[in-house]
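Engineer: Here is what each chain is made of, one letter per residue.
There are 2 protein chains.
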Amino acid sequence: MTEHADRTRRPFAIDEGMAILSRTPAALDALLRGLPDGWLAAHEGDGTWCPYDIVGHLIHGERTDWMARLRRILESGDALPFDRFNRGAQFDESKGRPLASLLDEFAELRRENLRALESLRLTPADLERRGLHPELGPVTLGQLLATWVAHDLDHVTQIARVLARQYSDAVGPWRAYLRVISGRQG
Amino acid sequence: MTEHADRTRRPFAIDEGMAILSRTPAALDALLRGLPDGWLAAHEGDGTWCPYDIVGHLIHGERTDWMARLRRILESGDALPFDRFNRGAQFDESKGRPLASLLDEFAELRRENLRALESLRLTPADLERRGLHPELGPVTLGQLLATWVAHDLDHVTQIARVLARQYSDAVGPWRAYLRVISGRQG
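For the protein sequence lines, the chains are A and L, in the order given. Going by our numbering, the letters in the first sequence line up with residues 1 to 186, in that order. Going by our numbering, the letters in the second sequence line up with residues 1001 to 1186, in that order.
Worth flagging that the hints you see were computed from the coordinates, not collected in a lab. Keep in mind that the hints are not guaranteed to be accurate.
On the chain A side, residues computed to face chain L include the following (Cβ under 7 Å) [what the hints assert, rightly or not]:
| # | residue |
| --- | --- |
| 1 | Leu31 |
| 2 | Ala41 |
| 3 | Leu80 |
| 4 | Gly88 |
| 5 | Ala89 |
| 6 | Glu93 |
Beta carbons are placed, not taken as given, at the ideal position from N, Cα and C, and that holds for glycine.
Could you put together the complete structure from these sequences and hints?
Structural biologist: Shown next, in the form of structure tokens:
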């Protein structure tokens, strides 16, 4: 089913990356919309995020992070570092809003951002253009876009993990077989 | 947002468990349907599963595992252990079928199983009924149902992780910030 031999790694390609980015809002919508509040407020301990927080974080990324950094690279290259990203911004911005409204906003912002990304008609050569991350140092535009994709998936993983671990006790002896609960690798 | 103080654990409740079980097929559909084949065949190394394999595994569970074991408990209690589950069955059963067909089948089987589950009108007392797992020993009906839920979420986690790790190299220095790639806990 795959055109290159190593099935554990893929080089970044815009169309393949966008295939994931365009699906994340609907996947989270299908998983979370209408879930009982107890699930949406579930977390992994003090200072960890619940699904509600994570959707707010994804919205903040759409507003201030990914496309802003991409434009910074196109406009200034590595002459001007990216602005820092506020990883706690969602706690103020989404306060009191129902999850359904956050899911709608995430989907709309993502659609707009992908339209804007497409309209740039980036070439493979553009993916090599360099930017400057305030902490990580030199990065490329392609790495930024690959990170946008992996960041989505990281948070899908997180949401499913947070939900699963709510049943760490409820599953009883089956705990040993459930990697997401046991923490077993491999 | 939650009615009990500990947001890291929930006791199993049928309506809350079904809220997850009923959403998994649509969530996987939204994430996977139409993805380029390279993503669907991605895995984490020899002997690990790709998203396509995982959907096949979920189908096999709907056919042979969860409801069959539930009925075994209702009919025989712990007098007769569960049949063993074949964790590699999907490699024969789904061979050559397009993913779209597997997603359709998973959704249909899940709908049927949840209809059957509802029709049993299980009570809280039923959740304490005992069965016998061939390896784990005594388990309860409630633990079986909680495991069905956590198993879904375990595989959602797995699919998102498998996809994210395809970009382990492509994200460059951002690798340090992406827990799903770095393996960092917490």
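Engineer: So, for every hint listed, does it hold in this structure?
Structural biologist: Verification of the supplied hints:
1. Leu31: Holds: closest Cβ of chain L sits about 4 Å from A:Leu31, inside 7 Å.
2. Ala41: 4 Å, holds
3. Leu80: Constraint on A:Leu80 not satisfied, violated at 18 Å.
4. Gly88: Hint on A:Gly88: violated, closest Cβ of chain L at ~15 Å, above 7 Å.
5. Ala89: 16 Å, violated
6. Glu93: 17 Å, violated
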